[in-house]
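Trainee: Letter by letter, the chains look like this.
There are 4 protein chains.
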Amino acid sequence: MKKIPIIAIIGGAECSREIEKLAYETGEEIAKAGFLLVSGGMSGVMEAACRGAKKHGGVTIGILPGKSKADANPHIDIPIVTAMSHARNAIIVRTADVVIAVDGKYGTLSEISLAKCINKPIIGLKTWDIEGIIKVNTPPEAIKKIKSLLPSIS
Amino acid sequence: MKKIPIIAIIGGAECSREIEKLAYETGEEIAKAGFLLVSGGMSGVMEAACRGAKKHGGVTIGILPGKSKADANPHIDIPIVTAMSHARNAIIVRTADVVIAVDGKYGTLSEISLAKCINKPIIGLKTWDIEGIIKVNTPPEAIKKIKSLLPSIS
Amino acid sequence: MKKIPIIAIIGGAECSREIEKLAYETGEEIAKAGFLLVSGGMSGVMEAACRGAKKHGGVTIGILPGKSKADANPHIDIPIVTAMSHARNAIIVRTADVVIAVDGKYGTLSEISLAKCINKPIIGLKTWDIEGIIKVNTPPEAIKKIKSLLPSIS
Amino acid sequence: MKKIPIIAIIGGAECSREIEKLAYETGEEIAKAGFLLVSGGMSGVMEAACRGAKKHGGVTIGILPGKSKADANPHIDIPIVTAMSHARNAIIVRTADVVIAVDGKYGTLSEISLAKCINKPIIGLKTWDIEGIIKVNTPPEAIKKIKSLLPSIS
Numbered sequence: 001m002k003k004i005p006i007i008a009i010i011g012g013a014e015c016s017r018e019i020e021k022l023a024y025e026t027g028e029e030i031a032k033a034g035f036l037l038v039s040g041g042m043s044g045v046m047e048a049a050c051r052g053a054k055k056h057g058g059v060t061i062g063i064l065p066g067k068s069k070a071d072a073n074p075h076i077d078i079p080i081v082t083a084m085s086h087a088r089n090a091i092i093v094r095t096a097d098v099v100i101a102v103d104g105k106y107g108t109l110s111e112i113s114l115a116k117c118i119n120k121p122i123i124g125l126k127t128w129d130i131e132g133i134i135k136v137n138t139p140p141e142a143i144k145k146i147k148s149l150l151p152s153i154s
Numbered sequence: 001m002k003k004i005p006i007i008a009i010i011g012g013a014e015c016s017r018e019i020e021k022l023a024y025e026t027g028e029e030i031a032k033a034g035f036l037l038v039s040g041g042m043s044g045v046m047e048a049a050c051r052g053a054k055k056h057g058g059v060t061i062g063i064l065p066g067k068s069k070a071d072a073n074p075h076i077d078i079p080i081v082t083a084m085s086h087a088r089n090a091i092i093v094r095t096a097d098v099v100i101a102v103d104g105k106y107g108t109l110s111e112i113s114l115a116k117c118i119n120k121p122i123i124g125l126k127t128w129d130i131e132g133i134i135k136v137n138t139p140p141e142a143i144k145k146i147k148s149l150l151p152s153i154s
Numbered sequence: 001m002k003k004i005p006i007i008a009i010i011g012g013a014e015c016s017r018e019i020e021k022l023a024y025e026t027g028e029e030i031a032k033a034g035f036l037l038v039s040g041g042m043s044g045v046m047e048a049a050c051r052g053a054k055k056h057g058g059v060t061i062g063i064l065p066g067k068s069k070a071d072a073n074p075h076i077d078i079p080i081v082t083a084m085s086h087a088r089n090a091i092i093v094r095t096a097d098v099v100i101a102v103d104g105k106y107g108t109l110s111e112i113s114l115a116k117c118i119n120k121p122i123i124g125l126k127t128w129d130i131e132g133i134i135k136v137n138t139p140p141e142a143i144k145k146i147k148s149l150l151p152s153i154s
Numbered sequence: 001m002k003k004i005p006i007i008a009i010i011g012g013a014e015c016s017r018e019i020e021k022l023a024y025e026t027g028e029e030i031a032k033a034g035f036l037l038v039s040g041g042m043s044g045v046m047e048a049a050c051r052g053a054k055k056h057g058g059v060t061i062g063i064l065p066g067k068s069k070a071d072a073n074p075h076i077d078i079p080i081v082t083a084m085s086h087a088r089n090a091i092i093v094r095t096a097d098v099v100i101a102v103d104g105k106y107g108t109l110s111e112i113s114l115a116k117c118i119n120k121p122i123i124g125l126k127t128w129d130i131e132g133i134i135k136v137n138t139p140p141e142a143i144k145k146i147k148s149l150l151p152s153i154s
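Residue numbers (this note's numbering), protein chains in the order written: chain W, 1 to 154; chain A, 1 to 154; chain F, 1 to 154; chain S, 1 to 154.
Here chain W stands alone, though its shape is the one from the complex:
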């Protein structure tokens, strides 16, 4: 399993059906590419992405904000229980090689910002319009972009 790239999907715990579909497809693509998926482990975009990844045999890691692994969405394989509330957002982006932001509100914006602080590449799908995000339009484009970035990541 060693050296498998780890991709974060960040996005809101609540989202529209359209965004849920987008997150699901992004999770599917991550698993199909053979990458590990890390997220905040909760509902909404996080859950849809994990569900998509599990559909294709992917491995899903959830960095949980609360005190119990029972909080994880049902598609998390590896629940990491931080009991640190939003401070765990910093761990999600540190753990990832590349971050994909899908939609999202302020929690997602904090993760985008924290990723920028430590120079992690961020790919954006219908998310905040912040300088430094690599915008793409579809999940396959996101994966293509990740594949072009990975060789330059230690």
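Since the hints were made in silico from the structure, they are not lab data.
Keep in mind that this is a model prediction, so the values were computed, not measured.
One should not assume that every hint holds.
Identical copies carry no separate label here, and so any pair may be met within one copy or between two of them.
[Unchecked claim] Below, a list of computed lysine to aspartate or glutamate pairs in the DMTMM-like style, where the Cα atoms sit at most 25 Å apart:
1. Lys67 x Glu18
2. Lys3 x Glu18
3. Lys147 x Asp71
4. Lys3 x Glu141
5. Lys120 x Asp71
6. Lys105 x Glu131
7. Lys3 x Asp71
8. Lys32 x Asp97
9. Lys145 x Glu131
10. Lys67 x Asp129
11. Lys135 x Asp71
Keeping the supplied structure of chain W fixed, place chains A, F and S upon it in accordance with the hints.
Mentor: Structure of chains A, F and S alone, referenced to chain W:
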């Protein structure tokens, strides 16, 4: 000292002379109003604000990202040593009753976002243009706004 | 206020009357010596120590585990709100120049251990019998020991 | 992968050959039992345990204290990068269903204590003599004990 409001000043570790002056004056106003000042405790906006506060006998708290209190700027009275890198940003905004953002880059944006996640009021002085920030033009205006907000904060 | 030594008092959130008295007196001595007092900010040993310090005009810092400064005991001047549960124990000992352990259960033992990990001196008053703790019998002895240690602490 | 029990192995980053062998065998038993192995991800006991687990196709999670996944020992499959120094010890024990302590110094003692704070069962192999640790003499005994405990863990 109990129940004294705690105001965070967030902003970059590097800034222009103009911004430094603005941060200094904001620190001055916080001390003159009798509030405690919390910040990330480092250089740039944080240091200028603390210097301004100390000019008027204010009390300055620095929530440091590194492992040693020697990292604090020379105007910090109370260094809190987290050894948690950017995860300490969440502690800064939790500790404050109101947050003032002055200029700033991605670290500041993460703090703005984390403040919004937990419904802390944020006042902005020449900072990111993010929905939910209360924009003001001068430090005295910021203090006036804080005074109007405090009665509704538990 | 700069460069004032910061002394942590660690101990249980629940304790006997006898221990409460010991913690109170230790807080008194810290304030009388002109040191800042940092603790976990909650009840029991922490509250008694803060009450003792405030009796003599000391300044008390509480590194809180929860999400609200309303959790702090009534004798905390400066509540630091971590929302990090027991992970905040590491911040308490990092922030202190010297740690005094008074009684205590497993939370206190975790703080003793974390202090040893980073080579902070620990003085013990009726606490765990762990190698590396400097045992004393009274609060004044603890302060005397701290004064002998401080010159060698950067 | 869902609902697989997660077992933490805690122990020093430095250890004797004898302890390394014990940690290795404990890792082997965890993998053979089909459990996930979580540890601090570094050298010594942690590395030996992971090496043992990988020998039998186990999955190893490392909750790293530093800023880079390059710090992980070579037998970590899933590096979680906290950048939180010893504060990550709290995450290791929260994430585990049962903790096994093998030898260890103060870092291990902090993890034992943090585990007790949140009522996680701790099994001890040649480790600290602290009340509340379930002592066993061999890795297979540790696994047998875990299997008897798991039904009562949610």
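Trainee: Against this structure, judge whether each hint is valid.
Mentor: Verification of the hints:
1. Lys67 x Glu18: neither (31 Å within a copy, 34 Å between copies)
2. Lys3 x Glu18: Intra 33 Å, inter 30 Å, cutoff 25 Å: neither.
3. Lys147 x Asp71: Between copies only: 24 Å across, 32 Å inside.
4. Lys3 x Glu141: Result: close within a single copy only, 23 Å intra versus 33 Å inter.
5. Lys120 x Asp71: between (27 Å within a copy, 17 Å between copies)
6. Lys105 x Glu131: both (16 Å within a copy, 11 Å between copies)
7. Lys3 x Asp71: This pair counts as between: shortest inter-copy Cα distance 13 Å, intra-copy 28 Å.
8. Lys32 x Asp97: Classified as within; 17 Å inside a copy, 31 Å across copies.
9. Lys145 x Glu131: Classified as within: same-chain Cα gap 17 Å, cross-chain 29 Å, threshold 25 Å.
10. Lys67 x Asp129: Result: close neither inside a copy nor across copies, 33 Å intra and 28 Å inter.
11. Lys135 x Asp71: neither (31 Å within a copy, 31 Å between copies)
Of the numbered hints stated above, those contradicted by the structure are hints 1, 2, 10, 11, listed in ascending order.
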